[in-house]
Each structure stands twice: as C-alpha cells, then as structure tokens.
Amino acid sequence: MGKEQSLRIAIIGAGPAGIAAGKELLDKGFSEFTVFDALDAPGGTWRLHNYPGLACDVWAHSYTFSYAPNPDWSETFVGHAEIQAYLARCAREFGVEPHLQLNTRIVSAHFQEEGVWELTTEKGERHRFDAIINAMGNQHTPLYPNVPGRDLFKGDSWHGTRWNHDVDLTGKHVVVVGSAASAIQIVPNVAKVAGHLTVLQRSANWIMPRNNKPYSAFQRSLFRRFPVLLTLLRKWQGLLMGQVEYAVTNGHARQGQFEEMVKKFIRRSVDDPALQEALIPDTPYGCKRGLVSDDFYPTLNRGNVDLIAEGLKEVTATGIVTSSGKVVDADVIIYCTGYRIQDFDRIDVRGVDGKVMGEVMAADPRSHKGIAVPDFPNYFFAVGPNGVVLNVSYFLSVEKNVETIVRLLGELQRSGRKVAAVKRDVFERYNEWMADRFARFSWGASTCNSYYRDASGHAPFLFPGNYAEYRKIQEQSTLDDYQLS
3 MGKEQSLRIA IIGAGPAGIA AGKELLDKGF SEFTVFDALD APGGTWRLHN YPGLACDVWA
63 HSYTFSYAPN PDWSETFVGH AEIQAYLARC AREFGVEPHL QLNTRIVSAH FQEEGVWELT
123 TEKGERHRFD AIINAMGNQH TPLYPNVPGR DLFKGDSWHG TRWNHDVDLT GKHVVVVGSA
183 ASAIQIVPNV AKVAGHLTVL QRSANWIMPR NNKPYSAFQR SLFRRFPVLL TLLRKWQGLL
243 MGQVEYAVTN GHARQGQFEE MVKKFIRRSV DDPALQEALI PDTPYGCKRG LVSDDFYPTL
303 NRGNVDLIAE GLKEVTATGI VTSSGKVVDA DVIIYCTGYR IQDFDRIDVR GVDGKVMGEV
363 MAADPRSHKG IAVPDFPNYF FAVGPNGVVL NVSYFLSVEK NVETIVRLLG ELQRSGRKVA
423 AVKRDVFERY NEWMADRFAR FSWGASTCNS YYRDASGHAP FLFPGNYAEY RKIQEQSTLD
483 DYQLS
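For what it's worth, our numbering labels the leading residue of the sequence shown as 3, then goes sequentially.
Honestly, I wouldn't trust all of these hints.
[Stated by the list, open to error] The list that follows gives simulated cross-link-like pairs (lysine-lysine, PhoX-like), each with its CA atoms no further than 20 angstroms apart: (1) Lys194 <-> Lys174; (2) Lys30 <-> Lys156; (3) Lys156 <-> Lys174; (4) Lys425 <-> Lys357; (5) Lys328 <-> Lys156; (6) Lys30 <-> Lys420; (7) Lys328 <-> Lys315; (8) Lys237 <-> Lys215.
No lab work stands behind these hints: they were computed from the structure.
Let the hints inform the model, and build the full structure from the sequences given.
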C-alpha cells in the first residue's frame, strides 16, 4: 500500500466526478492527491447554479453514488440545495474532504520534459503532480445566441445559469430565450411573479411528466430501517431508466411509445390546440435531450404567458426581434440557451511537444474509452468525449470511468514506469469501432441537429451503446493500450 501512495495526483473539480475519483483513490491506497475547485464548497454544478426551480431530472434515489444511497431525500426529484448538501456530506464521509483545496481556480496544466504536470492557479501558485484527473464536468460555460444587439439592451439580462438574484421580477415584462432543460424549470417560477412572460421556443422538446411527489417522514424512516427497500426501489428505477436505450434507438417501437406519451401529456396539459401542435417536436425522441417537468406545459395556459415558436433574430435596446420579425418589448431578458459542453479550452492544457488540448479537441473531439487522449500522458478525463451512458444515472458512468483510471494508475505504479500515454493506433481503432454505431441512435443520426452533435456531424457526448457494453469495455482496459516510459 505504501508503494502506491507515492504517485502525486491532481483532481480538478469537486463535483460528483471529483468526489468519486477521490474516493476511488483512497480505496485503492493512494493518499497523495489534491482536489482543486474554484468554488467555496464541493458540489460542482450543484454548487455553481442556483436559478429558480433548479432540480435534478433523474429520480433522486438513482441520482446518487451507487455505494452511498440516501434514505432522506425529501421528494422523488429534489432541488439543487439538497443535492449539493448530499455531495458535500459524501466528500466528508468518504474521507475526501481533507484533500480539498477550495477557492482555487486552475488556469493551466503543462506537461514537463521530466514527465510531470505543472499546474498554475489563478493566483499564480504552481503545483507539480505525476498525473491529472480532469473532473470539471461540462455544464459550466454559458452559451449565448449569436445574434446582433445583445450589448444594446438597456434592461437587465443574464444567462439562466448565472442567475441575478438582485433583480426583482415582480410585475415586469420578461423574455425567456429558450425552452429546453433550464427553461422548463425557470419558466413556471418566473410566471408566478412576472407581469408578462414571453417564452421563445426555437424548437420543441420531448417533455415527460415528472410526477414529483414528496416522501413522507414514515417513508424515509422505512428506508433508513430497511435498506433493502431502498435497494429494490433503485433497481426498479434502474429498469425503467434502461428503457431509454430503446426509446432513442431508431426504428424501435419504444421510441414511438415515448413520443405518444408526451403527445398525450401535451393534449391534457395545454388548452389551445394550436399551441399543442407548436409544442410537438419535429425530431425523433432522443435526438435532443429528453426532459421532464410537471408544470412547464400547464404554465403556458396562464394569461400572462405567451409562447412564440420562433428563434431569436436580434436584441434591441428595448427588447427582442424574433426570426419572423415580431417585436417583443422586455424589461428583463433571460437566456436559457445551454452550455458550450465541449469547452476543453477552459484550462490551458499542454501535452507532448506543447500540443494544446483545446485546439486538439476543437478539431477532433474524441477520446479513448471516454478517459484519455494521445499526446497527453497521465492526463485522464473523469468524463471525456463519449464517456457518458444514456440509459443509466450519470453517477454510474462516472464511477466506472474513475475506477478504470485509478486501476490504470495502480498498474503504472507497480510497473515501475512513470508515464503512460494512450497509443494512437489503439485510440483510432476504438473510435472507428464507435463510429459505426452512432447512426443506430436518434441522437447520433445524421438527421439530428442538437448539442449531442458538433458542426462536423460528429457526436462526441454519449457512448453509442448501453451500460453493460460500456462496463465490459472499461473492464478490458489495461496498460497494453498505453505507451509506457
């Protein structure tokens, strides 16, 4: 065990992935590691974001570490504060907390000739490590619409993920640009206080009902007293989540069934037949991220809410202009326009021969098994390109990825070698194998236009298969895939 402690490892990010990586390192005997995070507490996305209505869109009991169930969730889909508190508690109980270095933003990571990584903080501090695990997540860099006039608007405006709590929306004319994941949580809350709310929907989304329900004190006590009940619930939820694989498979009957469920939900929730039609997507289920909400559709019935099924053409000093030329006045504009999820340039990462990670990934956003890229030795992604599986909770993908990474680091330590870089031919073979699989799924098909696919048509976000396949692939990972030195 003492031998394995000698590798010095940096984890960048203290969200679910960083906490999982820290626990895995401790479980495997590594103790010389630091978890850096720019925020003041662990939690990642759930610490950073705090807009009204922010909650998980996966059942709470499934949105946990597999080895750390939480019998005390207050409802079936919980809000961000509960999730952040859970993650902070896990960091403490797993033993990761002493390794945290908070309020520390890493701005660069440069590979040195002697085979180590030098990290530089925003304050100019320098740290040296043998290996890096990038656990930064992909929901941090706000994406704004590329339209003229955004800087001309004289009212208040902000991105939904950078909420301005100093502005009281009571009685104001508010425009929400976007109708996807964050918008469907924000809109019902803003509608309750705004004088008038206009929602701009460039394209419709498939939104399932959440059927959110509180857990009673009695139910929570049963989960605590009889953990098997919680295990059975999680297994049942896992079976239901597994259906998503079929719902996003082109030509599978389940896809049509999911679409029909949403259409029925729209018809019973929305009064206006014309609005019902505007809310039905023209893409197959799964092309864009499947969403859940109980109150977004009903909110559109309110007298103070309008949905315009158009994109944004321009922002003016007093409001917006839609793609068809409609002028909408506004006191406040809220951009619910998503994230730049392939933001590998958030840190200046430089590998062998000074290769820049941001430039490499901008040109070719691929990885080996979701964790490694050639020319960046001992640098691992907790969740890299195609490192997330759609039919299970995000936590399971993360746990499997960091398990593989830490196992490889252990093998490297025992090998007596210092540096491991994934072989180019191995990397290419794996990505060629994946390339043949994308078209099976709605999100990977050439007809799909969403954040799952980049401008070149590549789908760099999800793994093209199910969790059983992904688990097998990860378990087959060895240092034979890597060039050692």
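20 angstroms limit on alpha-carbon distance, applied to hinted pair Lys30 and Lys420: At roughly 18 angstroms apart (the allowed maximum being 20 angstroms), Lys420 and Lys30 satisfy the hint.
Straight-line alpha-carbon gap Lys328 to Lys156, limit 20 angstroms: Status holds; Cα separation ~19 angstroms.
Given pair status - Lys357, Lys425, alpha carbons within 20 angstroms: Cα-Cα ~16 angstroms, so holds.
20 angstroms Cα cutoff - pair Lys194, Lys174: Roughly 11 angstroms between the alpha carbons, so the hint for Lys194 and Lys174 holds.
Holds or violated: Lys156 to Lys174, with C-alpha atoms at most 20 angstroms apart: 14 angstroms, holds
Proposed proximity, Lys156 with Lys30 (alpha carbon, max 20 angstroms): With a Cα-Cα distance of about 56 angstroms, the restraint between Lys30 and Lys156 is violated, given a limit of 20 angstroms.
Pair hint outcome, Lys237 versus Lys215 [Cα-Cα no greater than 20 angstroms]: 19 angstroms, holds
Satisfaction of hint between Lys315 and Lys328, Cα-Cα up to 20 angstroms: 9 angstroms, holds
This entry does not satisfy hint 2, going by the numbered hints stated previously; all others are met.
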